[in-house]
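Peer 1: Going down the list, the protein sequences come from chains G and B. The numbering of the first sequence is our numbering, which starts it at 1 and goes up by one. The numbering of the second sequence is our numbering, which starts it at 1 and goes up by one.
Just so you know, these hints were derived from the structure itself, not from any lab. Computed from a prediction, not measured in an experiment: that's the story for all the values here. Hints may contain errors.
[Claimed, not checked] List of simulated lysine to aspartate or glutamate pairs, DMTMM-like, C-alpha gap at most 20 Å: (1) G:Lys260 x G:Asp288; (2) G:Lys337 x B:Asp25; (3) G:Lys329 x B:Asp25; (4) G:Lys337 x B:Asp23.
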Amino acid sequence: MAPSGLFHLSITEAANGLRRKEFSPIELAQACLERIESIDDKLHSFITVTANLALEQARKAEQELRAGIDKGPLHGIPIALKDLYATKNIRTTCHSAVLQDWMPDHDAATVTKLREAGTILLGKLGMHEFAFGGPSVDAPFPAVRNPWDTAHIPGGSSSGSGAALAAGLCLGALGSDTGGSIRTPSSHCGVVGMKPTYGRVSRYGVVPLSWSLDHAGPMARSVEDCAILLQAIAGYDPNDPASANVPVPHLRAELKNGIKGLRVGVPRANWFNENKGTDSETESIFNDALKALEGLGAIVFEIDGQPFSLARKANQTILTAEAYAYHEKRFQEAPEKFGSSVRRRMLEGAFLSAADYITALRARTVLNEQIRANFSGVDIFVTPTAPRPPETFETLDPNEQNLRPSFTNPFNLTGLPAISLPCGFSKDNLPVGLQIVAQPFEEGTALRVAYAYERATEWHKRRPKL
Amino acid sequence: MSKEITLAKLQTMADRSGLQLTDEDLEKLLPGVNRSYNQILELRGLITDRTEPAAAFVASRTEKNK
Numbered sequence: 001m002a003p004s005g006l007f008h009l010s011i012t013e014a015a016n017g018l019r020r021k022e023f024s025p026i027e028l029a030q031a032c033l034e035r036i037e038s039i040d041d042k043l044h045s046f047i048t049v050t051a052n053l054a055l056e057q058a059r060k061a062e063q064e065l066r067a068g069i070d071k072g073p074l075h076g077i078p079i080a081l082k083d084l085y086a087t088k089n090i091r092t093t094c095h096s097a098v099l100q101d102w103m104p105d106h107d108a109a110t111v112t113k114l115r116e117a118g119t120i121l122l123g124k125l126g127m128h129e130f131a132f133g134g135p136s137v138d139a140p141f142p143a144v145r146n147p148w149d150t151a152h153i154p155g156g157s158s159s160g161s162g163a164a165l166a167a168g169l170c171l172g173a174l175g176s177d178t179g180g181s182i183r184t185p186s187s188h189c190g191v192v193g194m195k196p197t198y199g200r201v202s203r204y205g206v207v208p209l210s211w212s213l214d215h216a217g218p219m220a221r222s223v224e225d226c227a228i229l230l231q232a233i234a235g236y237d238p239n240d241p242a243s244a245n246v247p248v249p250h251l252r253a254e255l256k257n258g259i260k261g262l263r264v265g266v267p268r269a270n271w272f273n274e275n276k277g278t279d280s281e282t283e284s285i286f287n288d289a290l291k292a293l294e295g296l297g298a299i300v301f302e303i304d305g306q307p308f309s310l311a312r313k314a315n316q317t318i319l320t321a322e323a324y325a326y327h328e329k330r331f332q333e334a335p336e337k338f339g340s341s342v343r344r345r346m347l348e349g350a351f352l353s354a355a356d357y358i359t360a361l362r363a364r365t366v367l368n369e370q371i372r373a374n375f376s377g378v379d380i381f382v383t384p385t386a387p388r389p390p391e392t393f394e395t396l397d398p399n400e401q402n403l404r405p406s407f408t409n410p411f412n413l414t415g416l417p418a419i420s421l422p423c424g425f426s427k428d429n430l431p432v433g434l435q436i437v438a439q440p441f442e443e444g445t446a447l448r449v450a451y452a453y454e455r456a457t458e459w460h461k462r463r464p465k466l
Numbered sequence: 001m002s003k004e005i006t007l008a009k010l011q012t013m014a015d016r017s018g019l020q021l022t023d024e025d026l027e028k029l030l031p032g033v034n035r036s037y038n039q040i041l042e043l044r045g046l047i048t049d050r051t052e053p054a055a056a057f058v059a060s061r062t063e064k065n066k
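Extracted from the complex, chain B is given alone in its bound form:
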């Protein structure tokens, strides 16, 4: 099941994210945002309740003199 985002909803989401985007910006973004959502739906089909994210936190690691 795809979840289509509309231009109006995208505008709301942009406002909530603190972004001031023109209508032209939003129109250009819309196809990519919808493609992203559909990709995520497809990725959800791959994972099970036992799948952990591929992200590591190492308790002993500190950020060194960046």
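Chain G with its partners taken away, still in its complex shape:
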């Protein structure tokens, strides 16, 4: 009989257990499937559960491992995918009535890589419709709920990925991030998520939101698990015009190198207090995280946040214009097929001129230079991931995001790698995330800092009561 609670294992722990034959890939997959069956009606994190495929893949992994064929740390590990990753002959909906019955004839490049690494696909995860707007309350599938308190939003747009990981429904997941869509749900659900450098992970087969800002990336329950997933999906892909032909280092090997002497930049002035500012409890938790980094040997510097603050404006303009351009024909023919949240946000792009779009791209040039210039004095940037803990569905204000600083947008605009990991909990027991940002293609540095912080704290060990 399999040990109980297999679904809570990290990828690293599960990989070790499989090799020690403490349990089998089938038992591990079954544990996740039973967990989905028993609690996901409260969370709605899955749109499609691929139970038969998962068990078939688990049987294959079991045979292979028994025969001494070891594909690495993801072999036999149950994962799930945000429902905008194309999966051959498996429905891929983008959480929208528009694509409700779409059966792709191809796999996304990342899906192929994960299959080749021996993962077990549990299914496709809920999201904000087309990865934009807010929770999809009028889409054909219910909005995903936060496992820490189902009255609260899980953050988006990779909502299902964050919720499923926090609830122990899968061991790893993929999300996508155009303005914060991996990092925000990671923060709100108390898990780890990384937006890699633009070009590091192929976007081939990921339904676009905004070509020049979209990033595919991993989400998991630990920093090491994130590194394992990123290692598997990173690398050059000629099918993605933005893919970068840059060598991928051994990310796990760098994790334990420590952060003594690392220079940490905090862009607080002219950013953290933008409009309604950062929630005081969140900033206090963030300040404690800074002290922890200092305790590990890092040196903290305050830097000017002004260009980071302006970055959201360029990011939003580019995102909205590109998103509308992609969906224009659908909006002209059947706007009613889109949910109200995504319709309102995306249609703003119809009223931007070509000159407006180019202005934002020119501002992107300037802001990219201004933000990166800080790397002459610091090695990384750190911020809270979100300006406040997750709101309730009832009190959610669609304009709220423009009234507080966006800590995630600037790193889509600049393409810099950024990771979010848990750094505390609000008085209402809702997770708060710490964002760590590194130089281009220096994911290893961000992961190393995150790993050092994670080892020094206990936040990642908490689980929601479900």
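Assemble chain B onto chain G, guided by the hints.
Peer 2: What follows is chain B alone, placed relative to chain G:
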């Protein structure tokens, strides 16, 4: 200087874009459209005549078997 868009102008622009939107849709859109315009005015303050857009065209690149 902000350039405020009115509901009537938004309707004209929607028609020109081939969009059939209800009055309710347009009313919901209006604040966001005006916010977008004001953001662009702010972004214009950042750029000079020498600033090129962050967009790349590579003459040798072709689209591969999509």
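Peer 1: All hints, please: hold or fail.
Peer 2: These are the hints, each one checked on the structure:
1. G:Lys260 x G:Asp288: The given pair, whose Cα atoms are some 18 Å apart, holds under the 20 Å limit.
2. G:Lys337 x B:Asp25: 14 Å, holds
3. G:Lys329 x B:Asp25: 18 Å, holds
4. G:Lys337 x B:Asp23: Since the Cα atoms of Lys337 (chain G) and Asp23 (chain B) sit roughly 17 Å apart, the hinted pair holds (cutoff 20 Å).
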